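Peer 1: Sequence:
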Amino acid sequence: MKNGKCSGACCSGECDGCIDVCPAGAISKEKGFITVDEAKCIGCGACVSVCEHDAIKIE
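1 is the number of the first residue of the sequence shown in the UniProt record's numbering; add one for each residue after it.
These are calculated hints, taken from the structure and not from any lab test.
Given the structure is predicted, the values throughout are model-derived calculations rather than measurements.
Keep in mind that a hint or two might mislead.
27 Å max Cα-Cα, derived DSSO-like pairs, lysine-lysine [claimed, not checked]:
| no. | residue 1 | residue 2 |
| --- | --- | --- |
| 1 | 29 | 40 |
| 2 | 57 | 40 |
| 3 | 29 | 57 |
| 4 | 57 | 31 |
Can you make the complete structure from the sequences, with help from the hints?
Peer 2: In structure tokens:
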């Protein structure tokens with residue numbers, strides 16, 4: 001995740017498309033911030049394709 005991009009402020013607290021599309025259930029929202037559980041992430045890129053803020057990248 002790019003620091004500072006996925007917060008309630010930039011996403012109006014309603015952006016959660018990445019959570020919905022993650023087939024591994026690796027993405028969640030905690031205290032207004034999107035978090036990725038790297039142990040669960042399968043690197044499919046579905047979250048990257050739906051992120052309207054260009055806040056997610058796979059490294």
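Peer 1: Name the hints, by number, that the structure is in violation of.
Peer 2: none
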